[in-house]
Amino acid sequence: MNGTDDAHGTNDAHGTDDAHGMNGMNGGAAFDEDPAAAEPDGEDLDAELLEEELRRAAAVLDPLPPALLQTAVDAYALHDLDARVAELTFDSLVDAIPVRGAMDAPRMLTFSAGEVTVDVEVTGQGLMGQLLPPRPARIEVLGGPQPGAPLTADDMGRFTADTPPSGPFALRLRTGGDVVVTEWLRA
Amino acid sequence: MRTGAAPSAAYDDVPYTRGGTVERTDVGALVRSAADGDAAAWKAIVEGLGPLVWSVVRAHRLSDADAHEVYQTVWFRFAQHLGRIREPDKAGAWLSSTARNECLKVHRNARRLMLTDDPHLLDRVSEDGAPEQSLLEAEEAAAQSERVRRLWQEFEELGERCRQLLRVLIASPPPSYQEVSAALGIAVGSIGPLRQRCLRRLRARLEARGAA
Numbered sequence: 000m001n002g003t004d005d006a007h008g009t010n011d012a013h014g015t016d017d018a019h020g021m022n023g024m025n026g027g028a029a030f031d032e033d034p035a036a037a038e039p040d041g042e043d044l045d046a047e048l049l050e051e052e053l054r055r056a057a058a059v060l061d062p063l064p065p066a067l068l069q070t071a072v073d074a075y076a077l078h079d080l081d082a083r084v085a086e087l088t089f090d091s092l093v094d095a096i097p098v099r100g101a102m103d104a105p106r107m108l109t110f111s112a113g114e115v116t117v118d119v120e121v122t123g124q125g126l127m128g129q130l131l132p133p134r135p136a137r138i139e140v141l142g143g144p145q146p147g148a149p150l151t152a153d154d155m156g157r158f159t160a161d162t163p164p165s166g167p168f169a170l171r172l173r174t175g176g177d178v179v180v181t182e183w184l185r186a
Numbered sequence: 000m001r002t003g004a005a006p007s008a009a010y011d012d013v014p015y016t017r018g019g020t021v022e023r024t025d026v027g028a029l030v031r032s033a034a035d036g037d038a039a040a041w042k043a044i045v046e047g048l049g050p051l052v053w054s055v056v057r058a059h060r061l062s063d064a065d066a067h068e069v070y071q072t073v074w075f076r077f078a079q080h081l082g083r084i085r086e087p088d089k090a091g092a093w094l095s096s097t098a099r100n101e102c103l104k105v106h107r108n109a110r111r112l113m114l115t116d117d118p119h120l121l122d123r124v125s126e127d128g129a130p131e132q133s134l135l136e137a138e139e140a141a142a143q144s145e146r147v148r149r150l151w152q153e154f155e156e157l158g159e160r161c162r163q164l165l166r167v168l169i170a171s172p173p174p175s176y177q178e179v180s181a182a183l184g185i186a187v188g189s190i191g192p193l194r195q196r197c198l199r200r201l202r203a204r205l206e207a208r209g210a211a
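In order, the protein sequences belong to chains B and P.
Residue 67 in numbering that gives the first Met the number 0 sits at position 68 of the first sequence, with consecutive numbering throughout.
Residue 17 in numbering that gives the first Met the number 0 sits at position 18 of the second sequence, with consecutive numbering throughout.
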């Protein structure tokens, strides 16, 4: 990147930048406190101070909302030792070449856990999917740690929901003695 | 006085002396404890790394609703994978790169169908006064908050690349460069020089505005 060269150029001439009262003074103080540090130049110190000031500004003006912190604390309930995680192996948003003109194409997702595959299609109207190899299953559409809406997969492993998931979602599938949960993602 | 290579070697020293790396040496132990059923360990992880995930999400300029959902998704997935994280010591990088990937998906899906907004997700709590303010004289507080706002405004108006990098760097506690690299998809070695450059640019903007 060309810019990097510029940065070094300016850096070499940093002596002039340090001439701004406070920064120079702070630089001097730090020298006294930390003689072991090899040549901490004024610009590094100024950068440290500015970054720290910005960090405090972020804490005031754009902090992590407390409700979100709590949501993450509560998410511990999603730690499920008994379930197998079906990993996302295909996501049309990432892996598919968009079809020209098809702006609201359905989101196609494939999850895999060992021999089990779950194909899911999400549209504005709802969600449909198929469990492979085909088999009946009881399915929950999860939106968080709370119990989710129940669905049933027929003998062919097919299932549908009339409302699309909003926000984070996962499917918990129970089939035979097996519990499989799809990786959390956003619809 | 320095050759071109010397400054970048100096920058490279910076990440490993930053607070984040030091304070998070026990992340691996916390992740293992949480995986074994220790809810307090989980809470400590969330409290230690939640602000970093938030910073990564904010760095990607999502709407508030999207930002909230991505944040939740990242933690839900982390909880789900808890016992399977290959390198528990690098949980911060795992969270950062997961957050980045989800943010990029939001951008790809810009024309996604507008779903009903969940009203309580849209609550803004950012304007809560800083507790420190009560300790200051009223005038001093006003001057201080004006200064903070001015700083934030100049920061917001930096070029996109600088704004993004700095937004992640100013997570509290400060992230390691490994985490920043995972959050933004840039090489660890280029973070130091870019950071220096962006902060210099921000300083210049502030001075041009007569803030000094």
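Accuracy of the hints is not assured; some may be wrong.
[Said to hold, decoys possible] Quick list of the computed label-pair ranges, beta carbon to beta carbon: (1) B:Pro132 x P:His106: 55 to 65 Å; (2) B:Met127 x P:Ala142: 57 to 67 Å; (3) B:Met155 x P:His106: 42 to 52 Å; (4) P:Gly82 x B:Thr122: 56 to 66 Å; (5) P:Asn108 x B:Leu80: 26 to 36 Å; (6) P:Arg208 x B:Asp61: 14 to 24 Å; (7) B:Thr159 x P:Ala38: 52 to 62 Å; (8) P:Ala186 x B:Glu47: 31 to 41 Å; (9) P:Asp35 x B:Gly175: 23 to 33 Å; (10) B:Ala104 x P:Asn100: 13 to 23 Å; (11) B:Phe89 x P:Ala140: 51 to 61 Å.
Hints were generated in silico from the structure; no laboratory data involved.
Since this is a predicted model, take the numbers as computed values, not measurements.
Beta carbons: idealized from backbone N, C-alpha and C, even for Gly.
These are the hints, each one checked on the structure:
1. B:Pro132 x P:His106: 55 to 65 Å: 36 Å, violated
2. B:Met127 x P:Ala142: 57 to 67 Å: 59 Å, holds
3. B:Met155 x P:His106: 42 to 52 Å: This hint is violated: roughly 36 Å between Cβ atoms.
4. P:Gly82 x B:Thr122: 56 to 66 Å: 34 Å, violated
5. P:Asn108 x B:Leu80: 26 to 36 Å: 32 Å Cβ-Cβ, so the 26 to 36 Å window holds.
6. P:Arg208 x B:Asp61: 14 to 24 Å: 20 Å Cβ-Cβ, so the 14 to 24 Å window holds.
7. B:Thr159 x P:Ala38: 52 to 62 Å: 36 Å, violated
8. P:Ala186 x B:Glu47: 31 to 41 Å: Hint violated: Cβ distance 22 Å, outside 31 to 41 Å.
9. P:Asp35 x B:Gly175: 23 to 33 Å: At roughly 28 Å between Cβ atoms, Gly175 of chain B and Asp35 of chain P fall inside 23 to 33 Å, so the hint holds.
10. B:Ala104 x P:Asn100: 13 to 23 Å: 20 Å, holds
11. B:Phe89 x P:Ala140: 51 to 61 Å: 54 Å, holds
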